[in-house]
Each structure stands twice: as structure tokens, then as C-alpha cells.
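Trainee: Sequence:
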Amino acid sequence: MVSQQAVEKSEQSANTATQALTSAQQAEQTAATANVNATKANESATQALTQATTANQLATASDGKAKKAEAQATNANNLATTAKANADKAIAEASQATSDAHQAVTTANTANDKADSAVSASQQAVQKVDLVAAQVEKHDTQINAVQTSLSETAQKAEQAGLVGIQARNLGENALSQAKSVSNRVETLEQCTVQYNADKSAVSLNNATLNDLAEGEVSATSTQAVTGKQLHATEQKVEKVVQEQLVPVQKQVADTKAEVANNKTAITTNKTNIAKNTQRVEKLVEVANAQTVRINENTRFVQAQAERITRNTQAINENRQAIQQNSRRIDNLEQQSRKDRRQARAGVAGAMAMTQITPVQGKTFTIGAGVGTYRGETAVAVSVKYAPKPNVVISLSGSADSRGGVGAATGVSLGLN
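According to the numbering used here, the sequence shown is numbered sequentially starting from 14.
You may find that some hints are simply not true.
Here are the computed lysine-lysine pairs in the DSSO-like style, where the Cα-Cα straight-line distance is at most 30 Å [claimed, not checked]:
(1) K263 - K252
(2) K375 - K401
(3) K263 - K276
(4) K241 - K252
(5) K295 - K283
(6) K269 - K288
(7) K283 - K269
Bear in mind the hints are in silico, worked out from the structure with no lab data behind them. Computed from a predicted structure; not experimentally measured.
Can you make the complete structure from the sequences, with help from the hints?
Mentor: This is how it looks when you write it as C-alpha cells:
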């Protein structure tokens with residue numbers, strides 16, 4: 014009985030030992046499985062670390078690109094600021110040039126007005142010179158007329174003198190004839206009724222002859238004349254003398270007065286001519302000065318026109334430069350925005366790739382991921398292949414919202 018019990022106990026002990034061995038074997042298998050799982054977990058962790066490192070590298074690269082894009086954007090902003098400053102400066106210079114151009118135009122208009130005034134003054138001076146010349150010519154005409162009148166007056170005076178001389182001669186002849194007649198009458202009176210020895214003469218002894226017939230008065234007459242005839246002859250002579258001498262004296266007096274007036278007019282005209290000559294010389298000097306000012310204003314206007322032309326060219330060049338800078342600024346801003354968006358999309362693609370992890374205990378793993386970063390999105394697809402428990406090969410690809418695509422591949426090794 015004891016032996017059977019001992020045998021049973023031995024069998025129980027053997028069974029227990031067998032169970033314990035089985036349990037130990039199971040525990041060993043469990044431990045081996047756990048070790049394998051731990052190894053796989055380690056591999057998965059290593060792979061995840063590798064992927065995280067890759068993602069970190071991608072993120073670093075993306076961050077570098079982003080920083081580079083930000084630097085480019087900053088540079089572009091600086092360029093834009095500089096271009097804007099240059100544009101503002103160019104606009105200020107253009108405004109100054111425009112102001113200078115307006116000032117030049119105003120100055121040119123003022124110069125033109127002055128030139129027009131000078132031209133008008135010159136024209137007035139020329140008109141005054143013409144008037145003075147006309148007055149001088151008129152005075153010359155008057156002087157010529159006065160000289161002609163003086164000549165005519167002198168001729169008339171000479172003619173009047175000749176007429177006076179002729180009248181005087183006639184008067185003297187008449188007086189001589191009257192004296193001759195008187196002498197003859199006296200002689201006749203002395204010879205009244207007195208004949209000479211040969212009866213060729215009669216002496217009246219101071220007697221008066223009455224009722225004498227009027228004798229012939231001629232150059233060849235030898236007849237006696239009466240007192241009436243002598244008186245008539247004397248009256249005729251006096252009348253002739255009065256008729257000839259009085260007009261001549263009046264004409265001579267008028268001529269003298271006219272000569273005096275003409276001398277006064279000539280003196281006045283000479284004075285006026287001298288004054289007009291001085292005025293003409295002054296007007297000529299003024300006209301010459303105005304001509305010099307007109308020439309100076311013309312040169313100034315031409316210089317201002319050239320300056321306006323240069324300012325216009327500079328304004329056009331500055332306008333073109335401003336337009337080019339504006340286009341460059343717009344292009345830089347567009348490129349900067351494009352680079353920033355592409356960098357953000359690249360970061361989103363890297364984030365999408367890091368979200369795909371291998372499935373433990375599976376040889377092949379296919380996964381997809383989505384990432385977004387500052388308004389940009391991306392999708393990623395990855396294939397994981399584990400040929401050995403400690404080896405994982407991955408291949409990933411991404412596409413972002415900016416139309417960019419990316420690819421990445423890697424190998425992960427697990428070490429105990």
C-alpha cells in the first residue's frame with residue numbers, strides 16, 4: 014500500500030514535474046515569443062525612430078526650405094522696400110522734375126510775355142521812329158517849301174525891285190519931261206510976243222497965254238502944251254508911281270515879314286529836328302536794348318525748352334524704371350508667395366509620410382496618411398516590407414495641394 018502510494022506520489026510528482034516542465038517549456042516558449050515580440054517591438058520602435066528621424070530630417074529640410082523661402086521672402090521684401098523707396102524717390106524726382114518743368118514753362122511764358130512786350134515796345138519804338146521820320150520828312154518838305162517860298166519871294170523881291178526901279182525911272186523920266194516942259198514954258202513966258210530978229214521966236218515977257226489949244230505931246234511934237242496937259246501928265250506920273258511903288262513896297266514888306274517868319278520857322282524846325290534826332294537816337298538805343306533783351310529771352314526760352322525736354326525724358330525713364338521695378342516687385346511677391354506655399358505643402362507632405370507605421374508581425378504593410386500645415390495639405394502612401402524580423406524596408410510617396418510630389422525610401426535595422 015505504501016509502495017503504491019509512493020508510486021502514485023512518484024507518478025504524481027513525475028506528472029507534476031512533467032507539468033512543470035511543460036509549463037516551463039510553455040513559459041520558455043512564451044518567453045521566446047515575448048522575446049520575439051520584444052524584438053519586433055524594438056524593431057518597430059527602431060523603425061518608428063528611423064521614420065521619425067527621416068520625418069525630422071524632412072521637417073528640418075522643409076524648415077530649411079521654409080527658412081530659405083522666408084529669407085527669400087525677406088530679401089524680396091527688402092528688395093520691394095528698396096524698390097519702393099527708389100520708386101518713391103523716382104516719383105519725388107519726377108514730381109520735382111514736373112515742378113521744375115512747370116516752373117520752366119512759367120518762366121518761359123514770362124520770358125515770352127516779356128519778349129512780346131519787348132517786341133511790342135520795339136514795334137511802338139519803330140512806329141515812333143517812323144512817325145519821327147515822317148515828321149522829319151514833313152519838316153524837310155516844309156523846309157524845302159520854305160526855301161522854295163524864300164526863293165520865290167527873293168525872285169518876287171528882285172522883280173519888285175526891278176519894277177520899282179522901272180517905276181522910279183519912269184517917274185524920273187516923267188519929272189524930267191515935266192521939268193523940260195516947265196523950262197520950255199518958262200522960256201515961252203519969257204519970250205511972250207517977242208519975236209527974235211529972224212521971227213523964229215516970240216517973247217511974251219512973262220505974259221500968260223490963255224485959251225491955248227492943247228498941243229500934241231509926243232517925242233516929235235513941237236507944239237505948245239497947256240498947264241492942264243502938264244497937270245494931267247503930273248497926275249499920271251504920280252499915279253503910275255503910286256500904282257507901282259505902293260504894291261511893290263507892300264510886297265517887299267510882306268516878303269520881309271514872310272522871310273522873318275520863315276527864318277523863325279526854319280529855326281524852330283532846326284530845333285525840332287535836333288530834338289527829334291535825339292529822340293530818334295534814344296528810341297534806336299531803346300530798340301537795340303530791347304533787341305538784346307529779346308535775344309537773351311529767346312536764348313533763355315530755348316534753354317528752358319531744352320531743360321523741359323531733358324526733364325521729360327528723365328520723367329519717362331523714371332516712369333519706365335518705376336514700371337519695371339513694380340513688375341519685379343510683383344514678380345518677387347508672387348514668387349515669394351509661391352515658395353512659401355510650396356514649402357508649407359512640402360511640410361504637410363512630410364507630416365503625412367511620418368504618420369504611416371508598419372504593422373507588427375506583418376511582412377508587408379501598406380498605409381496612407383494626410384497632413385496639413387498652415388493652410389496647405391498633402392496625402393502620402395507608404396509600403397513597408399519586413400524580410401526579416403529586424404529589417405524593415407519602406408517606400409513612401411506624397412502629393413500636396415501645390416501640385417508637388419515627393420518620394421522617400423529607407424531601411425531600418427533592429428539591434429539587440
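Trainee: Could you run down the list of hints and mark each one as holding or not?
Mentor: Going through the hints against the structure:
no. : hint        : result
1   : K263 - K252 : 16 Å, holds
2   : K375 - K401 : 10 Å, holds
3   : K263 - K276 : 19 Å, holds
4   : K241 - K252 : 16 Å, holds
5   : K295 - K283 : 18 Å, holds
6   : K269 - K288 : 28 Å, holds
7   : K283 - K269 : 20 Å, holds
No hint from the list above goes unmet by this structure.
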